[in-house]
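Protein sequence lines, in the order shown, are assigned to chains S and Z.
According to the numbering used here, the first sequence is numbered sequentially starting from 4.
According to the numbering used here, the second sequence is numbered sequentially starting from 607.
Simulated from the structure, these hints should not be mistaken for lab results.
Worth double-checking, as some hints may not be accurate.
Claimed, not checked - Computed spacing ranges between beta-carbons, pair by pair:
(1) Z:Lys651 with S:Leu72: 26 to 36 Å
(2) Z:Ile726 with S:Asp124: 31 to 41 Å
(3) S:Leu72 with Z:Phe652: 24 to 34 Å
We put the beta carbon where it would ideally sit given N, CA and C, even for glycine.
The primary structure of each chain is shown beneath.
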Amino acid sequence: MDPRPNIINQRLKNIKTIIAVSGGKGGIGKSSIASVLALNLAKNGLKTGLLDLDFCGPSTHTILGINNLFPKEDKGIIPPEFEGLKFMSIIYYTGKKPALLRGEDISNIILELLTITQWGDLDFLVIDMPPGIGDAALDILKLVKKTKFLIVATPSKTTMETVNKNIKMLKELKAPILGIIENYQSHQFLKTKTESKISGVPILGKINFDKKFESAIGNTDKLLKTDFSRDLLKIIQKAILRHKNTA
Amino acid sequence: MHEWSLAQAVVYSAIKYQKNNKLKKITEINLKIGELQQIDRDIFKFSLKQISRLKKITAKIKIKTEKAILKCRICQHQWSFSKILKKLNKNEAEYIHFIPEIAHTYLRCPKCKSPDFKIIKGRGVWIDSIK
Ligand SMILES: Nc1ncnc2c1ncn2[C@@H]1O[C@H](COP(=O)(O)OP(=O)(O)OP(=O)(O)O)[C@@H](O)[C@H]1O
Ligand SMILES: [Mg+2]
Ligand SMILES: [Zn+2]
């Protein structure tokens, strides 16, 4: 018997809200949204953690500009704090080197991280998910029942088709879905009409294409001043903080 | 000292097993610890004892170490972790200690250099049986 699944609820017991930032496709802004979401929550005085579960392409540390940090050990692993944010990623252990991981390895790493990471009291834990409903999403659904999914979509035909399928699958799996954020991740989308019509799943708001976003990457002060962050903050206030108060 | 968090998982599993099987008492927990995780046996044992006492578990806990065997998915070559452990630097070994799958970052098949290998056995903490 694997002992790890039996301790995970205990580990996450003092976290009020867990949000997995997910979405059917690659490169649609999941990590950007997860990072800036967590940063804004922390800057608003909320106890916040950020967990990067995209082991093949971890990028939240790059977006936030996190380096030279390493977790301490105390009855487990204590995620280091960065700008008031508790941050956990396999990047501490892999550095710049890649890791070739199959599904069972990914499941094992998720189990291990959830077993050994001591988050303590948190208002929010934001999880940056890899693209699609794959091993990571299925494991999180199975192991962390209180996770709410925040779906990122771009207003493109190909993304919407995949996102629709993902949402159907999440619903079938009885996953709680917070809603969809429409991210105008590319200037190409400036002219497209929104197509995100999915029954039963609210569209929480939209993030406009922000040509200054890329140059703010790696600098939290700059990130917080971007239009991207402002758009996201509106969504946070409307859909996430309110949600917290009613929870 | 993250051994404590793994020991806690073991004790919580035993308690759950006891509940699920409506046992009056558990008397024995048989554990396997995989070599790949390089657990500090003494710290792990000490943590198990402490947490058991706290949770009023009096079972005897037996720990066996399992050799870690890796197998290349490309050339099928098998090798044991203990043979190559000394080739890793202290940090690399420590990173694998925290998350055994990090072996995929620092190890390659000794024969064909492929990064595509499987951890066949001896990964981490495993409960063989609870009585
Ligand atoms: N609203 C936006 N305006 C401008 N650029 C954006 C916007 N959203 C995302 N980007 C850019 O798009 C790129 C991809 O974003 P990101 O890495 O967050 O996507 P992802 O969905 O996490 O990708 P992956 O699937 O690879 O994990 C980044 O370079 C980011 O700067
Ligand atoms: Mg990403
Ligand atoms: Zn080989």
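Has the hinted range 26 to 36 Å been met by the Cβ atoms of Lys651 (chain Z) and Leu72 (chain S)? 31 Å, holds
Just tell me: holds or violated, for the beta carbon distance of Ile726 (chain Z) and Asp124 (chain S) against 31 to 41 Å? Taking Cβ atoms as reference, Ile726 (chain Z) and Asp124 (chain S) lie about 40 Å apart, which means the hint holds.
Assessment of proposed distance window 24 to 34 Å (beta carbons of Leu72 (chain S), Phe652 (chain Z)): 29 Å, holds
Taken one by one, the earlier hints all hold for this structure without exception.
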